[in-house]
Amino acid sequence: MKNLYNEADKNEILNRLENLKVDAVRQWGKMNIVQMLAHLNVSLETPLGKNFPKRAFIGRLIGKLVKKKFINDQPMPKNSPTDKMYVITDISMEDFEKEKQKAKGLITLFYNNGREKCSQHPHSFFGKLTPDEWGILQWKHFDHHLRQFGA
Numbered sequence: 001m002k003n004l005y006n007e008a009d010k011n012e013i014l015n016r017l018e019n020l021k022v023d024a025v026r027q028w029g030k031m032n033i034v035q036m037l038a039h040l041n042v043s044l045e046t047p048l049g050k051n052f053p054k055r056a057f058i059g060r061l062i063g064k065l066v067k068k069k070f071i072n073d074q075p076m077p078k079n080s081p082t083d084k085m086y087v088i089t090d091i092s093m094e095d096f097e098k099e100k101q102k103a104k105g106l107i108t109l110f111y112n113n114g115r116e117k118c119s120q121h122p123h124s125f126f127g128k129l130t131p132d133e134w135g136i137l138q139w140k141h142f143d144h145h146l147r148q149f150g151a
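Counting from 1, position 30 in the sequence shown corresponds to residue 30 in the working numbering; the numbering is continuous, with no gaps.
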């Protein structure tokens with residue numbers, strides 16, 4: 001499985017981000033390209049220990065069961081639900097380059113920090129994740145949204 005802790009997988013995502021253009025056409029979903037980048041950034045900040053979302057009630061009920069459908073080799077399904085904490089609406093298209101560079105920096109920090117510095121804070125839906133599960137989930141999350149915009 002691809003994982004942001006693997007150098008080749010990290011570099012693949014960084015290259016795809018580099019090729020992302022502000023005028024890329026959304027293939028599905030509601031977020032514009034800048035909202036998507038900000039969404040990816042705030043979600044990657046969770047395993048970096050920069051934010052601490054509360055567990056969603058529905059996640060407490062079914063998170064462990066659903067986790068198997070996300071921590072695997074299959075792409076994330078289109079139009080998957082998003083925790084409200086990770087929905088960023090107060091951002092403008094002029095922030096594209098800033099958010100893109102921030103994403104590249106956060107990915108590099110995540111990789112450089114390594115598994116031992118990965119947060120122990122639970123995922124808001126899935127609950128407790130190992131560092132490798134965080135790495136897989138974050139790779140898949142970036143892949144999902146980059147595909148959303150054709151990158």
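It should be emphasised that the hints constitute simulated quantities derived from the structure, not laboratory data.
Remember, predicted model here, so these are calculated numbers, not experimental data.
Every residue gets a Cβ at the ideal spot worked out from N, C-alpha and C, and that includes glycine.
Check the hints yourself; a few may be wrong.
Per label pair, the in silico range of CB-to-CB distance [said to hold, decoys possible]: (1) Met1 x Asp90: 32 to 38 Å; (2) Asn15 x Leu48: 28 to 34 Å; (3) Lys68 x Asp95: 14 to 20 Å; (4) Arg60 x Asn19: 14 to 20 Å; (5) Lys78 x Asn19: 18 to 24 Å; (6) Lys54 x Glu7: 29 to 35 Å.
Derived DSS-like pairs (lysine-lysine); straight-line CA-CA distance at most 27 Å [claimed, not checked]: (7) Lys128 x Lys104; (8) Lys2 x Lys68; (9) Lys64 x Lys50; (10) Lys117 x Lys128; (11) Lys30 x Lys117.
For each hint, the structure was consulted:
For the pair methionine 1 and aspartate 90, the supplied restraint of 32 to 38 Å holds, since their beta-carbon distance comes to about 34 Å. For asparagine 15 and leucine 48, the hinted distance range of 28 to 34 Å is not satisfied, since their beta carbons lie about 21 Å from each other. Take lysine 68 and aspartate 95: their Cβ atoms lie about 36 Å apart, and the range 14 to 20 Å is violated. For arginine 60 and asparagine 19, the hinted distance range of 14 to 20 Å is not satisfied, since their beta carbons lie about 39 Å from each other.
Judged by the Cβ atoms, the range 18 to 24 Å given for lysine 78 and asparagine 19 holds: they are separated by roughly 21 Å. Our hint of 29 to 35 Å for lysine 54 and glutamate 7 holds, since their Cβ atoms are close to 33 Å apart. Between lysine 128 and lysine 104 the alpha-carbon distance is near 25 Å, which keeps this suggested pair within the 27 Å criterion. Taking the CA atoms of lysine 2 and lysine 68, the gap is about 15 Å. The hint holds against a cut of 27 Å.
The straight-line distance between the Cα atoms of lysine 64 and lysine 50 is roughly 23 Å, inside the 27 Å bound, and the hint therefore holds. Distance hint between lysine 117 and lysine 128 is fulfilled; the C-alpha atoms sit about 15 Å from each other, no more than 27 Å. A threshold of 27 Å between alpha carbons decides the hint, and for lysine 30 with lysine 117 the separation of about 33 Å lies outside it, so the pair is violated.
Of the numbered hints listed earlier, those contradicted by the structure are 2, 3, 4, 11.
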